[in-house]
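A.B. asks: Chains as they are written, first to last, in this note's numbering: chain H, 498 to 797; chain P, 498 to 797; chain W, 56 to 298; chain S, 56 to 298.
Hints are computed from structural coordinates only; laboratory data are not their basis.
Do not rely on the hints blindly, as some may be mistaken.
What the hints assert, rightly or not - In silico contact screen, one side only, chain P against chain H (beta carbon under 8 Å); selected entries:
#1 530
#2 695
#3 699
Even glycine gets a Cβ: it sits at the ideal position worked out from N, Cα and C.
These are the residues of each chain, in order.
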Amino acid sequence: MSLRASLVHFIAGDPQAARVVPPTGFTVWLTLFSAAAMAFLAVFALALSLATGRLAERWGSELARSSTVRISAPAGQMAAQTETALKLLKTTKGVARARALDADEQSALLEPWFGPGLAIDALPIPQLIEIIEEGEGFDAMGLRLRLAAEVPGAVLDDHTRWRRPLVQAAARLRLLGWLSLLLIGGATAAMITLAAKAALAANAQVISVLRLVGARDSYIARAFMRRFTWRSFIGAVLGVALGCGAIAMLPAADPGGGFLTGLGFQGLHWLIPLIIPPLAAFAGFVATRGAARKTLKEMP
Amino acid sequence: MSLRASLVHFIAGDPQAARVVPPTGFTVWLTLFSAAAMAFLAVFALALSLATGRLAERWGSELARSSTVRISAPAGQMAAQTETALKLLKTTKGVARARALDADEQSALLEPWFGPGLAIDALPIPQLIEIIEEGEGFDAMGLRLRLAAEVPGAVLDDHTRWRRPLVQAAARLRLLGWLSLLLIGGATAAMITLAAKAALAANAQVISVLRLVGARDSYIARAFMRRFTWRSFIGAVLGVALGCGAIAMLPAADPGGGFLTGLGFQGLHWLIPLIIPPLAAFAGFVATRGAARKTLKEMP
Amino acid sequence: MPLVRHSKAEIVVFGERPVINLENVAYSYGGGELLSDITLKLQPGSFHFLTGPSGSGKTTLMKLCYGALTATSGQVTLFEEDVRGMSRDDLALIRRRIGVVHQDCQFLDHLSVAENISLPLMVSGRDDLKQSANLKELINWVGLSPRAGALPPELSGGERQRAALARAVIMSPDVVLADEPTGNIDWEMSQRLLRLLIELNQMGRTILIATHDLALIRAVKTQVQARVLRISKRRLHLAGADL
Amino acid sequence: MPLVRHSKAEIVVFGERPVINLENVAYSYGGGELLSDITLKLQPGSFHFLTGPSGSGKTTLMKLCYGALTATSGQVTLFEEDVRGMSRDDLALIRRRIGVVHQDCQFLDHLSVAENISLPLMVSGRDDLKQSANLKELINWVGLSPRAGALPPELSGGERQRAALARAVIMSPDVVLADEPTGNIDWEMSQRLLRLLIELNQMGRTILIATHDLALIRAVKTQVQARVLRISKRRLHLAGADL
Ligand SMILES: Nc1ncnc2c1ncn2[C@@H]1O[C@H](COP(=O)(O)OP(=O)(O)OP(=O)(O)O)[C@@H](O)[C@H]1O
Ligand SMILES: Nc1ncnc2c1ncn2[C@@H]1O[C@H](COP(=O)(O)OP(=O)(O)OP(=O)(O)O)[C@@H](O)[C@H]1O
Ligand SMILES: [Mg+2]
Ligand SMILES: [Mg+2]
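The shape of chain H in the complex, shown without the other chains (with noise of 0.2 Å):
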């Protein structure tokens, strides 16, 4: 049967069959433990994921708010300098906004050095241009190369080499994390594959009596899948349950602790995990289904 025909013939079928599959054993206890422990796995993996997602967004953005052009010049130059930047600036590809800096802005930069009584004025501090990249971001080196022949004292830092390894890290740790969404699917796969295979091992004397009075191998693998995928669904659904609960659990996402608080779903992503009981489910049904099979084959 194909699987799509076994699928169909699954959920229309005949619930009688099921029955003649003993209901208890520790294998359902392994099956519903395993699929659980997975369940609860996946949805930290998957809030780590998530997590580290926004993480990378944020890092992404905040490093880009922080490219600057820095324009020193003899007062008199300064403003007009400042003008012609930012007139550059807005018809560079890849820079969303730029913004010249006040002074107040400028002494707040400057306070954790000066104190907070500097007077500005008196300074020959430079004009800081804030640059706001969108897309891909700018040529930085195609910029630097106007500016100097148009600005000769604005200088570029763009903070590229800064920016690059921390939105690596939190690109390779979203990719950890999608990773180990990976592996706890094939793990939950694999368990259940064993559970099944135990399950009918231990049942050979069922399959050998259905067998005798003229049952196919469709109708006793049926049984079988029915109990494993549904098993794997309640399990699945419970170790949700928990993943979810713990996760509700961990401290509100706090400005200073960072990363590892911001770790709980937000808004609509509370709705992912959901996905992880059919999810299961279907993991469970297609791993009994291939042990069924399998073991039935091989079978006298």
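Once you have looked at the hints, place chains P, W and S with the ligands on chain H.
C.D. replies: Positioned in the frame of chain H, the structure of chains P, W and S with the ligands alone reads:
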């Protein structure tokens, strides 16, 4: 039999007993697989705990290093006030070292804002004193009062409000690591117990035959325990080997990447995962012993 | 029905369309040959006994007759279909026409005795009301009415064999193969069970019983025209009148 | 030995120290009483048969005799120890003195037939050289030499019963309890097995055999002084001379 006596008997004991339990079956693979998967996860949790330990230390010390005293004073009094402040800091409990930054260091700090060509002597910038704490750190309130009395131009920037949440976050991460280690241990014990019970249930006939010919329950239990302990051990060895291999393949610690890339073990810490297999074997031993005793007691 | 005894110990019963047909069949479990050159044709409506010393291959021969084993050489046809060419599903359908009593009666230990007896109906989707009246009557006939709700592990040895026989005949199959069906049953009860099989035979069903109980064979021979086959030295022989 | 038949259907064999002693024992599996008011004393060196219709409680009575079941009321003593007060370990030691053939012979399916037969030796740590010579002889006697290396699932029904009997007597136990040991065995072989039991009995061992095979009982009665007990209507009776 007490746990100790049964351990001794188990290790010294008669290998023939193990033969009476069928050697194969999918519960073998289940146990091996669970033990391996759990050991693999345990290696990662261990690495996480150790890495966050290091991270907490580094964050703590990095932030401590950035505690500063800023002295703003008329040019003439600057040197004297700096001297007084340094003397005062030397006698403050919790301060390991205090050091006035020299002109080069100060201009390096200001470079992002003023560009490299800053003539520091021309500016009325304050003198910065770097404080390195020790132990519990100093009493910020007391130090501030003493500074106010003796060095009128000094401002203490102790960064406590920044440090606390970060160190907290690191500690929380470490706690998460240890908690997950505990969870993994519990899950392993639960899985081995379930696998052992499944095996015992599947071998009801073996047990009844052994009883019929006059085998003691301790003999029967030992035969099962031997198998399961051994399987848990082998599984854990495989899992630890894979886990350590995976960790060794992570990119090396990289100053730009920060937290994640420091996940590996360092130096002698590579030896710590070696305790996982004996622990898993012990868990297997205790879990199977409990399962066997319970099952044997319940069987007619 | 005329009967011919070949020199090569083949038993051939002339007539149309044997329901089970073994031709020059040999079987080995891997070592030496256990059965050699067996030819056996079971005509519809015939009644056979199969005897032979313990370990001679009675059970093996029965397993060849319902496709649980495949002959090492020679040809086995069940209802005119060659066993070799059958898929598992074909075999399942054939099994519904052959009622089998195994020597070690096995059941689904989590279903009641009554459910176990009606398992062939359940599996083939014929679990209807009319059948349930038959079921009750049959359970009564084999003397299991007081134990109908029990689970198989709670049955005595003889009760298990009676339940297995009931399960084998519930579908009123074309052929009944029974392997030592009375090994654990007292004389009165085994006479009662035999009467059931004789009745089925008179309705045209084909019966083959493996047994070592010569008294049983003698008792049946007075009631029905039964042939006794004997396995010895790997061959199948027609037993003489000495029984 | 003088024999007294009480009005209450108690069978008492006078003599010292019965190895197995049931006094006013009743047993029920949960429903009504299956066995009531059973008194049975097995003297050392006695030979008993136990008969009764299928489902009358023969297997149940045997299980009471080796402590696999505990009487609902009354007292069971094995080798002068009360079963009720025994720990599992005590019971294990008692079992080494009682050889049991179950009605459904069970084995360790992953060990060879020879290993299964010597299992009682293995379990009690008496797996020595002298025993291994006895083992070979015994395997030969029950006709399993060609199958000694096979696994139990590869045995025929009769071969299983012979292996179970060999396992029950390998330790030369004080008592042998055999439940339908010849249900699947042909006449010649069952005579051979009985000779083994008779020999043990002549060495002073106590034998109790449950069977429904009256021919077997008759055959033994010519060779040894055996008593026949019969369960009917929940009581134990001494069967008359009609056997
Ligand atoms: N699966 C198997 N593998 C190997 N040998 C087997 C297998 N099954 C049976 N045998 C051997 O084949 C021989 C015939 O077995 P079979 O069960 O057909 O005998 P039988 O005539 O039914 O005997 P019984 O009267 O004792 O039931 C026996 O010696 C048995 O040990
Ligand atoms: N575990 C059990 N639970 C409930 N009832 C049981 C159990 N075991 C046996 N019985 C019932 O007790 C009765 C006696 O069983 P027992 O096995 O002692 O009979 P028996 O005399 O050995 O019969 P047979 O000759 O058929 O082996 C039977 O009706 C049986 O169904
Ligand atoms: Mg047989
Ligand atoms: Mg019985």
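A.B. asks: For every hint, state whether the structure bears it out.
C.D. replies: Against the structure, the hints come out as follows:
no.: 1; hint: 530; verdict: holds, 6 Å
no.: 2; hint: 695; verdict: holds, 4 Å
no.: 3; hint: 699; verdict: holds, 4 Å
Figure legend: structure checked against the earlier numbered hints; every hint is met.
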